[in-house]
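Enquirer: Chain P: place on chain W using the hints.
Residue strings, one per chain:
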Amino acid sequence: MGREVLLEIPARPEYLSLARQVVAAAAALEPSFRAERIDDLRVAVSEATTNAIESHLDRGSDERIVIRCNLADDRIEVEVFDRGAGFDPATASTAPSADSEDRLEHERGLGIPLMRVLTDEAEIVSDPDGTAVRLVVYTPRSPQ
Amino acid sequence: MPHGPVRWPLVYFDCHTTEQAGWTVVAVVGELDLASVPGVRSSVVAATQNRKPPYVVLDLAGVEFIDSMGLGVVVGARKRVYAVGGELRVVVATERVQRVFALSGLDTLLPLFKSLAEALVPPTGGVGDGA
Numbered sequence: 020m021g022r023e024v025l026l027e028i029p030a031r032p033e034y035l036s037l038a039r040q041v042v043a044a045a046a047a048l049e050p051s052f053r054a055e056r057i058d059d060l061r062v063a064v065s066e067a068t069t070n071a072i073e074s075h076l077d078r079g080s081d082e083r084i085v086i087r088c089n090l091a092d093d094r095i096e097v098e099v100f101d102r103g104a105g106f107d108p109a110t111a112s113t114a115p116s117a118d119s120e121d122r123l124e125h126e127r128g129l130g131i132p133l134m135r136v137l138t139d140e141a142e143i144v145s146d147p148d149g150t151a152v153r154l155v156v157y158t159p160r161s162p163q
Numbered sequence: 312m313p314h315g316p317v318r319w320p321l322v323y324f325d326c327h328t329t330e331q332a333g334w335t336v337v338a339v340v341g342e343l344d345l346a347s348v349p350g351v352r353s354s355v356v357a358a359t360q361n362r363k364p365p366y367v368v369l370d371l372a373g374v375e376f377i378d379s380m381g382l383g384v385v386v387g388a389r390k391r392v393y394a395v396g397g398e399l400r401v402v403v404a405t406e407r408v409q410r411v412f413a414l415s416g417l418d419t420l421l422p423l424f425k426s427l428a429e430a431l432v433p434p435t436g437g438v439g440d441g442a
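Sequence lines, in order, name chains W and P. Take 20 as the starting number for the first sequence in the numbering used here and just add one per residue. Take 312 as the starting number for the second sequence in the numbering used here and just add one per residue.
For reference, chain W alone in the conformation it holds in the complex (with noise of 0.2 Å):
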């Protein structure tokens, strides 16, 4: 059976750590996980709640963003809503690839491809009502 934990945050940049703190200790109740996977995770949701808090500034809404976390047996999944304006996960800019000459020219498009290397599954479903983003993490004992 699954353990939720639900949080609702301001969007306002200082609740970021809240956010972090509070979806590493719900994956910390799950003894098979190793500090550095929960690292992983941590970095996860913050790239997730950043742009979640960022959509919401950008629209100059008061709506709060909502985080589902979910232990499950096998899993940890994560998921980040926001009511912003959305995007297009498929055409979202995102820096070039380390061997690009200019990759050192792009301070943003880092956050999408951070948090896919850095979780098992990463969904991001968009539109102009919100979007919302998935993390999935398995326990090490668990086929994937």
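These aren't lab readings, by the way, just hints derived from the structure by calculation. A portion of the hints provided could be inaccurate.
Claimed, not checked - Chain W side only, calculated, beta carbon under 7 Å to chain P, not exhaustive:
hint : residue
1    : Val24
2    : Leu26
3    : Ile28
4    : Pro29
5    : Pro32
6    : Ser36
7    : Ile57
8    : Asp58
9    : Ser65
10   : Glu66
11   : Thr69
12   : Leu123
13   : Glu126
14   : Arg127
15   : Glu140
16   : Val144
What the hints assert, rightly or not - Across the chosen pairs, the derived CB separations fall in these ranges:
hint : chain 1 : residue 1 : chain 2 : residue 2 : range
17   : W       : Arg87     : P       : Lys363    : 48 to 54 Å
18   : W       : Ala47     : P       : Gly396    : 43 to 49 Å
19   : P       : Ala404    : W       : Asp146    : 16 to 22 Å
20   : P       : Thr328    : W       : Arg22     : 44 to 50 Å
21   : P       : Gly396    : W       : Arg127    : 22 to 28 Å
22   : P       : Lys363    : W       : Arg78     : 36 to 42 Å
23   : W       : Arg22     : P       : Asn361    : 51 to 57 Å
24   : P       : Lys390    : W       : Ala104    : 26 to 32 Å
25   : P       : Thr328    : W       : Ala104    : 16 to 22 Å
26   : P       : Thr419    : W       : Glu140    : 41 to 47 Å
27   : P       : Ser353    : W       : Pro29     : 29 to 35 Å
28   : P       : Lys363    : W       : Pro147    : 28 to 34 Å
29   : W       : Val136    : P       : Ala428    : 29 to 35 Å
Every residue, glycine too, gets a C-beta built ideally from N, C-alpha and C.
Expert: Just chain P now, with coordinates in the frame of chain W:
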């Protein structure tokens, strides 16, 4: 009022600038994310304005957490410093911060050093020699 980083509910972050061995050292402590990057950015801007050309060490040895916003401010610092003929070096001491640099591919593109002492060797005159 005690000096140093503070923990949540405020942002866990501190940034201070010193002059050492010919370098302007911007030392960052705490968590480097959307909430704290403006503080680092303004310190780097000040460092590039106060000395021409600027030789800047961004000391992240005290950083416990970094995400893509933190990486972005480092890339931005490099651009700003190199645009005026200076040099930027970055100290990354903790494994978890090194890992984020490595996963982004920036570890091969930026002059990273494992300690401030290693970073404080004389400037090369505008071109970073990564370690």
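Enquirer: Of the hints given before, which are not true for this structure?
Expert: 1, 2, 3, 4, 7, 15, 16, 19, 25, 26, 27, 28
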